[in-house]
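Q: Sequence:
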Amino acid sequence: MKLDAQHAKKALEEVELEKQNRHAPEAVASQQVQRRQQTLIGLLAKVASLHTQVVDKAKLEQKVATLQVLKEALKASLQAKVEECD
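With my numbering applied, the sequence shown covers 4 to 89.
Here are the simulated distance ranges between beta carbons:
| hint | residue 1 | residue 2 | range |
| --- | --- | --- | --- |
| 1 | 72 | 37 | 44 to 54 Å |
| 2 | 39 | 71 | 40 to 50 Å |
| 3 | 84 | 48 | 45 to 55 Å |
| 4 | 67 | 39 | 36 to 46 Å |
| 5 | 84 | 49 | 47 to 57 Å |
| 6 | 11 | 40 | 12 to 22 Å |
| 7 | 68 | 38 | 39 to 49 Å |
| 8 | 62 | 18 | 44 to 54 Å |
| 9 | 8 | 53 | 16 to 26 Å |
| 10 | 17 | 71 | 48 to 58 Å |
| 11 | 48 | 17 | 21 to 31 Å |
Pairs of lysine-lysine, DSSO-like flavour, derived with a Cα cap of 27 Å:
| hint | residue 1 | residue 2 |
| --- | --- | --- |
| 12 | 12 | 22 |
| 13 | 49 | 66 |
| 14 | 78 | 66 |
| 15 | 62 | 49 |
| 16 | 74 | 62 |
| 17 | 13 | 49 |
| 18 | 74 | 60 |
| 19 | 62 | 78 |
| 20 | 60 | 49 |
| 21 | 74 | 84 |
| 22 | 12 | 49 |
Treat the hints as calculated values from the structure; they're not laboratory data.
All C-beta atoms, glycine included, are put in the ideal place defined by N, C-alpha and C.
Put together the whole structure using the sequences plus the hints.
A: Printed below as a string of structure tokens:
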């Protein structure tokens, strides 16, 4: 919903700019290019952030798996010690 409102607002801004700048098509085109570049930069930043989150999650999952293996090994070792004492 928020993105739809933002897109609608940007579209209205573009229409207003086009009305104001009908006599200067180069300026309008330049502004459109700049807005699109800013949008692309924002999207690339979001993709980079998501990629970092995915990598971090994978690292955490690997650490959890390692800890689970160590836990099971420790549990088995303790069980063997208990059986030795009995």
